[in-house]
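> Construct the entire structure; sequences and hints are all you get.
Protein sequences, first through last, are from chains V and A.
The first sequence begins at 1 in full-length UniProt numbering and counts up by one.
The second sequence begins at 1 in full-length UniProt numbering and counts up by one.
Simulated from the structure, these hints should not be mistaken for laboratory data.
Every clue listed holds true.
No copy labels: a pair is met if it fits in one copy or bridges any two.
List time: in silico DSSO-like cross-link candidates among lysine-lysine, alpha-carbon distance up to 27 angstroms:
hint, residue 1, residue 2
1, 290, 357
2, 191, 455
3, 278, 360
4, 12, 394
5, 416, 175
6, 279, 357
7, 463, 76
8, 348, 255
9, 357, 278
10, 279, 360
Below are the chains, spelled out letter by letter.
There are 2 protein chains.
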Amino acid sequence: MQNIDSYVEKNKDRFINELIELLKIPSVSADSAFKKDVLKTADEVKKSLEKAGCDHVEICETEGYPIVYGEKIIDKNLPTVLVYGHYDVQPADPIELWTSPPFEPVIKKTELHPEGAIYARGACDDKGQMYMHVKAMEFMTSTNQLPCNVKFMIEGEEEVGSVNLGKFVKENHEKLKNDVILISDTGMISKETPSITTGLRGLSYVEVEVTGPNRDLHSGLYGGAVANPINVLTKMIAALHDENNHITIPGFYDKVENLSDEERAQMAKAPFSLEDYKKALDIDDVYGEKGYTTNERNSIRPTLDVNGIWGGYIGEGAKTVIASKAFAKISMRLVPHQDWEEITQLFKKHFESLAPKGVKVLVKPHHGGQGYVTPIDSIGYQAASKAYEETFGKTPIPQRSGGSIPIVSLFEQELKSKTILMGFGLDSDAIHSPNEHFGIWNYLKGIATIPLFYKHFTELSKK
Amino acid sequence: MQNIDSYVEKNKDRFINELIELLKIPSVSADSAFKKDVLKTADEVKKSLEKAGCDHVEICETEGYPIVYGEKIIDKNLPTVLVYGHYDVQPADPIELWTSPPFEPVIKKTELHPEGAIYARGACDDKGQMYMHVKAMEFMTSTNQLPCNVKFMIEGEEEVGSVNLGKFVKENHEKLKNDVILISDTGMISKETPSITTGLRGLSYVEVEVTGPNRDLHSGLYGGAVANPINVLTKMIAALHDENNHITIPGFYDKVENLSDEERAQMAKAPFSLEDYKKALDIDDVYGEKGYTTNERNSIRPTLDVNGIWGGYIGEGAKTVIASKAFAKISMRLVPHQDWEEITQLFKKHFESLAPKGVKVLVKPHHGGQGYVTPIDSIGYQAASKAYEETFGKTPIPQRSGGSIPIVSLFEQELKSKTILMGFGLDSDAIHSPNEHFGIWNYLKGIATIPLFYKHFTELSKK
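Structural data, given as C-alpha cells:
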C-alpha cells in the first residue's frame, strides 16, 4: 500500500488528540453511576466511524449498553473483514494509586516509551487499540486503497461479560456475515518481538456470600461460640487449592488439554527473563501450580483467583465485631475444551460442599466465556503475519494469551469464521491496573500495520 | 434507703429524655471524622455530673480524647467508690442494617421489652449504663442519702483501647485512690436472672497486611503465575485454626488456666437454652473449639476472630484483577494469665512464618488488655449481691463474661483495688451491632439498684 508511513507521520498529532478526547469519557460499564458516560462514548465512536468513511453507521440498542455498527461494502464479491472492539473500560479504582487522574489523559515519556505513552484508563484496553482500526480505515478510504469490504462492531459491555453482544450476534448472522474477524484487544511480546495471539483462556466469574448469625455480633460475647463468616470464608477459599497449587474442585481438570512436550518446548523458546519479570513486579519469587513454568501457568493452565474479598469492619481503627456476612468475587481462567458453564456448576457444587454447619452459602454465577484457539495455517493468520513482517521486519511469534475475550468463541460458533488477534499492547501497559497506558509508538505502529492485513488477506483470498 | 422507687417513678421520663439527648451525639472514637462530637459528649457528661451533685468536676485532657473526672468527698474516714464508664461508642456501620438512624434515638416496644427499649448506638454500651450511675448519684445527693465518698472517671477511648486512660491512672494514684471500683459495662443473664460478672477476657487486636506484586494486575495475564495476596491471606488465616478449632499459634495456650470439672459443672448450672440461642441468631448449629460447651467457648476459653477483611475489587459488577494488597483486622480474646503483649508477639511471629515466598507480610499490633477475675468473697461483691437481692428479689449468679474491658486489670495493678461489674444489659441488646438498644426497664432497674450497692458497701466496710 502507498504512503502509509507518511500519512501516519502527517496525521499523528491528530490521531493522538482524537484518542485523548475519547479517553476523557469515563465509560465504566461495571458501575451504573457512569451510565451517561458509557452512552456518550458510543455516540463518539459512531461519529468517528462516519468520519473514517463508513457508509452506514448505526447505534444498535440492546437491553444493556448499545453496540456501534458501521460498514463499507465496496464489492459483494470481495472478502469482508469484521472488526470487533469495545468502548467500555474497567473501573479505575484503586484511584489513589494513579499518578494522574484516570480520565484526564496525559502523555509521559518512559524508558520503554521514549516517544511517550498516553496514561488513562482504557488507553490500551481497548479504546486505544480499537481506535487504531478506525484510523486505519480512515487511511484506506481517504487514499482510495480499501481492498475489501469492512464491518465494524464496537460494543460497550466487554468488561462485564458481553451478554447482550452475544444475543446481538445470534440475531444478526446475515448483517455480520464475514470472512474473518479482526480484533486488537491483546498484547505482543515486546516492541522488538511482535507476536500474534493464537489462544485465549475462558472465564468463569462468580460471587460468593457466606452468612452466619442474622446480625453482626460482639466478638467478646460470641467469639469462639458461633461460626465467624469471615473465618469460614477464608477456610473455604483456602481449600480451593492444594499444597501444590492444584485446584481441588472435583472434575475441574477433566477436559484440560495437555500439551505435548514438543509444544511446551516450542513455547519455552519465546524470549522471557524470570529475573526481569520478578523485578518488574517487585516480588522475591513467583508462585503457582507445581510442575509448570510461569509462561505455562498463565497461558495453557487453568487458574482460580480471588478478585475481591470483603466483610466486617474495614474502616479506620478497631471494631470488635463478628460480621453477619462475608463476600468474595472469584474468577477462574479456563483453557480450551473446558466449558465455562460446566465449570461454574462444578465450582458451585464444590464450594457449597465446603460450608460447615452454622453458615449458609450462596454462589452467584456472574458471567463467563469459552477459551479459544486459532490455527496458524489459516489465510487470516498468514495475512496478519505478513503485515507484521512488513512493519516490524520480523516474523511474529504465535502465542497463547492468559487473558479472555469470552465473545471470540461465540463468534466462531455463530458466524462460522475465525478471529485473528492482532494485539499491539505490552504486558507493562498495566491494563486493569492503576496507571494504565499505551505507547504512542505502539498506537501508530498498529495504525500502520492494520491496512497491510487487509491487503494481504484480500490477495490470499483470491488464490 | 428511702423512696428510691418513688424517686425513679417520678423522674423516669426526665431520666429517659436526658439519656436520649446524650445518645444523639455520635461519639465514635475509632473514626476521627467524629472528633468534634466525641469532645462535645465529654462536655455533656461534665455538666451531667455537676447536676448530679459532684463538688468538683473537670475535663482532664490527654493525648487523645479527654477523661471526665468528678468527685464528692463527704468524709475522709468513709470508704470511697470509684465509678468508671465510657462516653465513646462503637462505629455504627453497617449503617444500612439499622431500622432507625443510629444517632436518632427512638423508643420501641418489643416482646422482651414491653416497657420499651431505646434504640441507638451506645444506648447500652456504655452511655446508657454509665448514665445510670449519674442518675443514681443524683438520687443520693438530692435526698441526702449518699453514704460514702464517690469519684467518677468517664473516658472517651474505651472502644479504641483506653491507651491514654492507662497513662492517666498511672499518673494519678492519689487522685483516684478508692476502696472499690464500680463499673456497669457488662450484661446479666436475663431480666429474671440477675448476674454479676466475675471474669473478663483479655484482648489482643492486630491488623495484618499482605503485599504481593507492586501493583494491581490483570488476572488473565498474571493469574496463576504470581502469588495472589487475597488467596494467600485466606490460606494464612485458615491456618490459624486446626480441624478441631484449636488455635495453632505455638505457645498460645501455655498459660491458659484450665478450670476443674467442679468449676465447669458450676458454670453449667446457669440457665441456658441452646435451641433459643440458635433461634435468636438464626443459625442451624453452633461452631467452636472441640471439647467445650457454648458458654465455655465464650467465657473461659481464648478465641481468635477476624473482625474485618478487605482487598481487591469490592464494588458493583466484576473486575478481573489480582490485588497488590490484602488486609484483615484480627482480634484474640484471652483468658486470665495470658499476657496480651506476649500473645501479640506470638501471633506476629507465627503469622509471619505462614507467609509463602512471593508476598511480604506486615503485622501491626493495634491494642489490647489483660483478662480479669474478681473473687466472690470480697466486700464489694457481697455488697453488689445484696443490692440485687433487694431490687430483683433473687441472689445474682456469678458469671464470667467473654467480653473485655482491658483497663480493669490495670486498675487493680495501679490502684490496688478490686472492680465490681454490675451490668444491667442483655445479650439481645445488640451492642457493637446494628440496632443496639437498652431496655427502659433495665435502665431504671440499674438506677434503683446502684444506690443500694453504696449503702451495703459502706455498712460492710464498717464491720
